[in-house]
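Protein chains in written order, with my numbering: chain A, 1 to 105; chain B, 1 to 495; chain C, 1 to 496.
Just so you know, these hints were derived from the structure itself, not from any lab. Remember, predicted model here, so these are calculated numbers, not experimental data. Glycine included, each C-beta is placed from N, C-alpha and C at the ideal position. One thing to keep in mind: the hints can contain errors.
Said to hold, decoys possible - No more than 30 Å apart at the CA atoms, straight line, and that leaves these computed lysine-lysine pairs for DSSO-like: (1) K160(B) with K89(A); (2) K443(B) with K455(B); (3) K443(B) with K360(C).
Said to hold, decoys possible - Which chain B residues face chain A? A few, computed with CB under 7 Å, are given here: (4) L174; (5) L178; (6) A189.
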Amino acid sequence: MNTVSLYAGSGIILFSLGLHALLIRRHLLRKILAANIMGSGVFMVFIAMGARGESGVADPVPQAMVLTGIVVSLCFTAVAIVLAVRINKLTGCTTLAVDEESSID
Amino acid sequence: MTELIVQQNWFVWMTLLPLGAAVATFLAPGQARWIGLTTALFLPFCALAAIAATVFSTAQPLTVGNWPTPLGIELRTDGLALVMLAVTALVGFIISCYALGYFPPRQHHLSRTHYFWPLWLFLWGGCNALFVSGDLFNLYVTLELVSLASVALIALEGGKAALAAALRYLFIGLLGSLAYLLGVGILYATYATLDITLLGEIISDSRLNHAAMSLMIAGLVLKSALFPLHFWLPQAHTMAPAPVSAVLSALVVKAAYVVLLRLWFEVFPALDTLAIGHLLGLLGCVAIIWGSLMALRQERLKLLIAYSTIAQIGYLFLVFPLARGEAMAGAWVGGVLLMMTHACGKAAMFLMAGTIHHTAGSDRISRLAGAGGPIGVQVVVFTLAAATIIGLPPSGGFFAKWLFINAALATGQWWYIAIILSGTLLAAAYIARVLGWAFLDVKRSSYPVIPWVMKWPPLALSVIALVFGLIAYAPVQIALIGAPVSVPLLVEFGP
Amino acid sequence: MNDLILLAILSSSLLPGLIIFTLPEQSVRLRTILNLGGAGVKLLLVAVLFLHVAQREYAELRLPLLPDMELVLRADALSLLFLTLSAFLWLLTTIYAIGYLEGSPHRSRFFGFFSLCVSATTGIALSGDMVTFVVFYEMLTISTYPLVVHRGTPAALHAGRIYLAYTLGGGVVLFFATVWLRAIAGPLDFRPGGVVSALDPTLYGSLTIIFALLILSLGVKAALVPLHIWLPNAMIAPAPVSALLHAVAVVKAGAFGIIRVIHDIYGINFSVELNLLFPLALLAAFTVIYGSIRALSQNDLKRRLAFSTVSQVSYILLGVTMATPLATIGGLVHLVHQGVMKITLFFCAGNLAETLGIHKIDEMDGVGRRMPWTMAAFTIGALGMIGLPPLAGFISKWYLGLGGLAADQPWIVLVLIGSTLLNSCYFLPVLHRIWFVQPRQNWPPSALRCGRETTWALLAPPLITAFLVVALGLLAHSFGSPLYWVELIAAREYGL
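Taking the hints into account, I'd like the entire structure generated from these sequences.
Right under this line is the structure:
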């Protein structure tokens, strides 16, 4: 088992853990964290790919993509936190309340 | 003159213009309405110019920043991109007009409606960028741009239900795009390129590629709300203000679908996709029936329209099992055609629902009673748009269904015909329910005045949706430029 | 002649319709000008086309729809037969509707959809192939619904639901059958002698099923028993709509479609070869008798007329399915004659309801004294329906009977005699009531100048059509008469 597979494998594991938490956890902050961990998993896979360049030079493309990805995930996290805080202020709870038929009349 | 049109990089303009305008509206909120409207006026012309440029010249694929592929970002200027740009420009223009009336300038407290224009222009630019993206990672970035803007737009209403719907949509979007991104990573590991055309040429039928394909398709299916991953859609689409609902149902869902269409026909044709195709087809069938049945049960107009969107998305996914062998072109064109008409028809419907909500104070279907009176034009809009959704001629939906049924006959998959036909009847049933209320003659106490921008643009859109079948020749010909399929569309088969 | 005239004829009602949607309720004058202008222009254009087609100059226009599909508009003799009928009756019905709906709400919506409905009918008449036909046929469905439910009462909405359920159900079947037929037979241009006869014999099984599906779906609008339920229910619509529905638009569209399928898709000879026509003839004969029997027991005037339509439209099918030139002539000419007669009856029924509030037959005692002109028109229409010589109905029945004998199927004559007796049974008592029974109460006197029984807009259309009922019978053999056209059509179809 070489380094690349180790990184890629851990990336996949992180992705699965994050996915699990995102679906199972109800606390909004935990969900946001879980999404971030999923993202990190994907980025690790990308970094692992970059290491496979010939003659020991890393492939720059995956690194560029990861940088972009981090920016995107930062934006999402920021928006998610704002929404979560606002929900918390309005309802006082830290979960997504399931009131499907809430009235808007 | 022709030279001038051809040599402009209209595709770049169509992305940069709304993004720039978005920044401008954000910086100058007082002028937001006019900046927005000017942009919305320009974009349809840009789309026409882009079409003209492509039709009259053999344009080379454009690379941004002058880096050669695979490092540079290649812009795809094929037919699919062109028609989607054009439809987006048309629907976007109408929605912008409507928004002028829906968000009146008087509300000058720094309210949430203030943010409509920058967000909507960001979304528009994101959609345009997505349609012309030629590599997988760029598609990811643009998808995220679209999702992020949609999340904020859903949250505009500001109520706790809207916020919850927005946050749920955010998680769904993130989940979908990360799954997609992981698939992209796996593909890049093997082939060291992200260019759609290059990948399509060199990809082989391996297990790893299948895993990548499954991840990417799963992510996009989640984003385009195919049954059973549609659970987020009704809430998200109904909590938003009417113009936003129209944007979400007409354009945003289609964005993910366009990516899926590109992947399926341009990246993965070398893979054995029979099983996944049938799975998607099966889910599509369930979506059609289930979405229509749910729509029949709704008491709220917007929810009904949202469930109808779920059913229509089901039709779109029938493309995948039907597009094989001779029927390939027919099914592909059917999907594209349905996408275009549904965008127009559904947008008109949501706008009309918004007006009803605006005038009746509620979007309960029973509040439609008496709507045929002095605001009767709304009922006309709804009736005409309904013909599109049911798939009555001469709407594009009719011809799309024609192509689907033809493909199903040609490939011997009879069960899809039964689903398509019963879905049509169910659609008629839920539409008839609404029409029944709308034509009920009840005297109302007061009839609010509707600004004309909320009246006529939706009417124009519904008329366009209705006659789309008659004018479909040109759009279909344009869509077939550089398409992964080739005519004939209609397959004739002997004994 | 420029082929664009076909497009002009279509848009002469489509464009005014779309403009009318945008008009505010109060702009009565502009709406009236648009309505009458459109109807007049259409009639003029149809007249031009009429003269050209009479000299066998057929116009044809092909617009690309999809890369393999075209919208084909063509004017042949059969199109012109139906087109002239619809253009002429549209003008009359528009005048009538303007008078009938004066002062009532939602008129912009009404006349908008009214024009769309007529555009769809025109499109059906001008369709040059099956795809185009289906497009306009379904367009007719959606544009008629708002007219049926126009009154907005729960009863009207109920009728509208039934109407939609039947017609859209039929529409879906028609859609499927057409796609299937297109897939095995290629382009489906309407051509005398049909387009499917050259197909491989192994496909005959499929062709038979498709034929059954087509008849089943078109039979919904043609009100074949047991698919006729929607028609008596749709009586709830305002009188001009009923008139249009029964005489020109919906019911006739179904019958016209069946004629097209038998004549120009399958071809008479091929249909006979596959034994497709006899079951349809039986069904039509049954519908003729059944409709008449049901009409006997209706007390509501419009319902009685509706069941009469169920019966009379099947005459057309009966004639077509006999597969002899004479019977075909009888059936096709009835397409026009029934339209003119039935629209007269509905105009009169509308006048009764509008002027005196009479809806039931047992309220009609002695109404002939209050509204002599309207009731005279009604009488002529009813006698024409019965088939009294020399009125229009007689011509149709005469040719039908001759055709039945020529086809060696004398039972047709029995059906005709039975139906004529039944027609008399349900029309003559009404006529008796109108003219010979003492009125129960004094009718409210006319408020109009000179004691006119009702407004000109309501009175003129039935008088004109009643005059036509007489003229079509007396002048049946002159140039340009329906019979003249029908003989041309039959000659072409049978290769005589």
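Against the earlier hints, flag every one the structure doesn't satisfy and list their numbers going up. none
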